[in-house]
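Start from the sequences and build out the full structure, keeping to the hints where you can.
6 is the number of the first residue of the sequence shown in this note's numbering; add one for each residue after it.
Don't read these hints as lab results, they were simulated from the structure. Predicted model only: the values in this text are computed from it and were never measured. Just so you know, even glycine gets a beta-carbon here, dropped at the ideal spot from N, CA and C. One thing to keep in mind: the hints can contain errors.
Distance windows between CB atoms, simulated [to be verified]:
1. Ser108 - Lys135: 35 to 45 Å
2. Glu53 - Lys135: 50 to 60 Å
3. Arg107 - Lys54: 38 to 48 Å
4. Ala62 - Asp103: 49 to 59 Å
5. Leu58 - Lys33: 30 to 40 Å
6. Gly32 - Ala62: 37 to 47 Å
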Amino acid sequence: ESDSEDSEASEDEQEVKPHLAGNAGSGKKVQKRAEQMAQLLERQREKEKVQDLVSGAKKAQREAKKGTEEEAQDRPVAATTVVGEPPEGSVCGVCKKDFESRSKLFQHIKATGHALLKPSPTESEEKGKKKKR
Numbered sequence: 006e007s008d009s010e011d012s013e014a015s016e017d018e019q020e021v022k023p024h025l026a027g028n029a030g031s032g033k034k035v036q037k038r039a040e041q042m043a044q045l046l047e048r049q050r051e052k053e054k055v056q057d058l059v060s061g062a063k064k065a066q067r068e069a070k071k072g073t074e075e076e077a078q079d080r081p082v083a084a085t086t087v088v089g090e091p092p093e094g095s096v097c098g099v100c101k102k103d104f105e106s107r108s109k110l111f112q113h114i115k116a117t118g119h120a121l122l123k124p125s126p127t128e129s130e131e132k133g134k135k136k137k138r
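Structural data, given as structure tokens:
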């Protein structure tokens, strides 16, 4: 890697020299500009290295995440309800009749008027709320 850096440095220096030679000025000014250009080029190389490291880290994170997603797809999902039994929420609160879907339950409630009121909150639930002034 150091050989490629040396060759890049010499290429950069060759690219900078014509610009410096075209500027009329004392030797100290030219030397100072050459040093500034060298510092700029060095900082640019360092930034590129950091960007390469960051992009490599991001790529590794994406691959790791992709691997966990694939593992999650391979794992069996535990069934929360037994097949063939209606869910708990599909029972009428008034007549206790079971329905095969929530949609059927809502149709029943609308047709028969079996809607229940929600119970009012107790004092313990309101305990944390501030009173209106």
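For each hint, the structure was consulted:
Roughly 40 Å separates the CB atoms of Ser108 and Lys135, a value that falls within the hinted 35 to 45 Å. Restraint check, Glu53 to Lys135: a C-beta distance of roughly 57 Å satisfies the suggested window 50 to 60 Å. About 59 Å separates the C-beta atoms of Arg107 and Lys54, a value inconsistent with the hinted range of 38 to 48 Å. At about 55 Å, the beta-carbon gap between Ala62 and Asp103 stays in the expected band of 49 to 59 Å.
Remark: the range hint 30 to 40 Å for Leu58 to Lys33 is upheld by a beta-carbon distance near 38 Å. Range check, Gly32 to Ala62: about 45 Å between beta-carbon atoms, so the 37 to 47 Å window is met.
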